[in-house]
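Protein chains in written order, with the working numbering: chain A, 22 to 108; chain B, 22 to 108.
What the hints contain is simulated information worked out from the structure, not anything from laboratory work. Think of the CB as a built atom: it goes at the ideal place given N, C-alpha and C, for glycine as much as any other residue. Just so you know, not all the hints are guaranteed correct.
[To be verified] To list a few chain B residues with every Cβ distance to chain A over 12 Å, as calculated:
id: 1; residue: Ala36
id: 2; residue: Lys44
id: 3; residue: Tyr45
id: 4; residue: Glu57
id: 5; residue: Thr61
id: 6; residue: Lys67
id: 7; residue: Lys93
id: 8; residue: Arg94
[To be verified] Listed below are several chain B residues computed to face chain A (Cβ distance under 7 Å; list not exhaustive):
id: 9; residue: Phe23
id: 10; residue: Asn47
id: 11; residue: Trp48
id: 12; residue: Gln50
id: 13; residue: Val53
id: 14; residue: Gly56
id: 15; residue: Glu69
id: 16; residue: Ile73
id: 17; residue: Ser80
id: 18; residue: Val81
id: 19; residue: Ile83
id: 20; residue: Thr85
id: 21; residue: Glu95
Below are the chains, spelled out letter by letter.
There are 2 protein chains.
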Amino acid sequence: MFVILVYDMGEKRVAKALKRCRKYLNWVQNSVFEGEISETNLAKLKMELDKILVDDEDSVIIYTLRTTHYSKREIMGLRKGGQDLII
Amino acid sequence: MFVILVYDMGEKRVAKALKRCRKYLNWVQNSVFEGEISETNLAKLKMELDKILVDDEDSVIIYTLRTTHYSKREIMGLRKGGQDLII
Numbered sequence: 022m023f024v025i026l027v028y029d030m031g032e033k034r035v036a037k038a039l040k041r042c043r044k045y046l047n048w049v050q051n052s053v054f055e056g057e058i059s060e061t062n063l064a065k066l067k068m069e070l071d072k073i074l075v076d077d078e079d080s081v082i083i084y085t086l087r088t089t090h091y092s093k094r095e096i097m098g099l100r101k102g103g104q105d106l107i108i
Numbered sequence: 022m023f024v025i026l027v028y029d030m031g032e033k034r035v036a037k038a039l040k041r042c043r044k045y046l047n048w049v050q051n052s053v054f055e056g057e058i059s060e061t062n063l064a065k066l067k068m069e070l071d072k073i074l075v076d077d078e079d080s081v082i083i084y085t086l087r088t089t090h091y092s093k094r095e096i097m098g099l100r101k102g103g104q105d106l107i108i
């Protein structure tokens, strides 16, 4: 399945979260990741993030897409991530 | 069409960007918005955001979905936005 993941983490935990997310997904920009991922790996990633995130400070949003891909992604402004790799 | 929008703005510009995005989309969490939007309104929103964002500091990512909706959205940790309104 194809997921889009966005996190909002406290500064101290960003590096850890980035590392975990990059293990399974493609880094698009700042706190945004995307990619094909198996259910097993998504469960693993969620467990790993769950260990890092502080419940009343951080958040992670995971969109699972019905189709294998979105139809368009536009980026305005700064480009920080490792995008342009998969599209 | 259905879009997911994520911004990463400098602190000074967050309030302005939030206001613009909420005019057209549903606020999910922190810097994440989603919703049905017409092409005309998306063009308007992009123009409004373009006026706010500082090119080498801020970024906005807009995903346009092929289907009218994603199949699942999961939120881990903190809930800040006005979610649970549309699903």
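Hints and how they fare:
1. Ala36: holds, 16 Å
2. Lys44: holds, 17 Å
3. Tyr45: holds, 15 Å
4. Glu57: Holds, since 15 Å exceeds 12 Å.
5. Thr61: holds, 16 Å
6. Lys67: Violated, since 7 Å does not exceed 12 Å.
7. Lys93: Nearest chain A Cβ is 4 Å from Lys93(B), so the label is violated.
8. Arg94: violated, 5 Å
9. Phe23: Since the shortest Cβ distance to chain A is 10 Å, the answer is violated.
10. Asn47: violated, 13 Å
11. Trp48: violated, 12 Å
12. Gln50: It holds, given that the least Cβ distance between Gln50(B) and chain A is near 6 Å, below 7 Å.
13. Val53: Given a least distance of 5 Å, the restraint on Val53(B) holds.
14. Gly56: violated, 13 Å
15. Glu69: violated, 11 Å
16. Ile73: violated, 10 Å
17. Ser80: holds, 4 Å
18. Val81: holds, 4 Å
19. Ile83: holds, 5 Å
20. Thr85: holds, 4 Å
21. Glu95: Cβ of Glu95(B) sits 5 Å from chain A, so the hint holds.
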